[in-house]
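Asker: Use the sequences and the hints to build the structure in full.
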Amino acid sequence: MKFHYVNKWIYIILAIVLGWIGGHHFYAGYNRKGFLYLLFSFTFIPMLLALFQVISALLKTPDSNGKILV
2 MKFHYVNKWI YIILAIVLGW IGGHHFYAGY NRKGFLYLLF SFTFIPMLLA LFQVISALLK
62 TPDSNGKILV
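Per my numbering, residue 2 is the first one in the sequence shown, and the count goes up by one each step.
No lab work stands behind these hints, which were simulated from the structure alone. Certain hints may be false.
[Stated by the list, open to error] If you anchor each label on the Cβ, the simulated ranges turn out as follows: (1) N8 x N32: 14 to 20 Å; (2) K68 x F43: 30 to 36 Å; (3) N66 x F43: 34 to 40 Å; (4) M2 x I56: 19 to 25 Å; (5) L37 x K68: 22 to 28 Å; (6) F45 x K68: 16 to 22 Å; (7) F45 x G67: 28 to 34 Å; (8) I46 x M2: 19 to 25 Å; (9) L40 x L60: 14 to 20 Å; (10) F41 x D64: 29 to 35 Å; (11) L37 x S57: 17 to 23 Å.
All residues carry an ideal CB built from backbone N, CA and C; glycine is no exception.
Answerer: Structure (structure tokens):
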């Protein structure tokens, strides 16, 4: 799996607002994951996963450009 650098705060905001439909995954370039979140959004499971990803992103230290590896 390839990892991508993304802006920490944009990723967190997208995960909070659009996490239940995979918006943060589409932003990070993980289109397959984003589509799965969109497909299963009616189950509220993606919302819980997005919450854990917000917490994980908050705990990561950004580089000098404000980007984190996701």
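Asker: What are the numbers of the hints the structure violates, in ascending order?
Answerer: The structure breaks hints 6 and 9; every other hint is satisfied.
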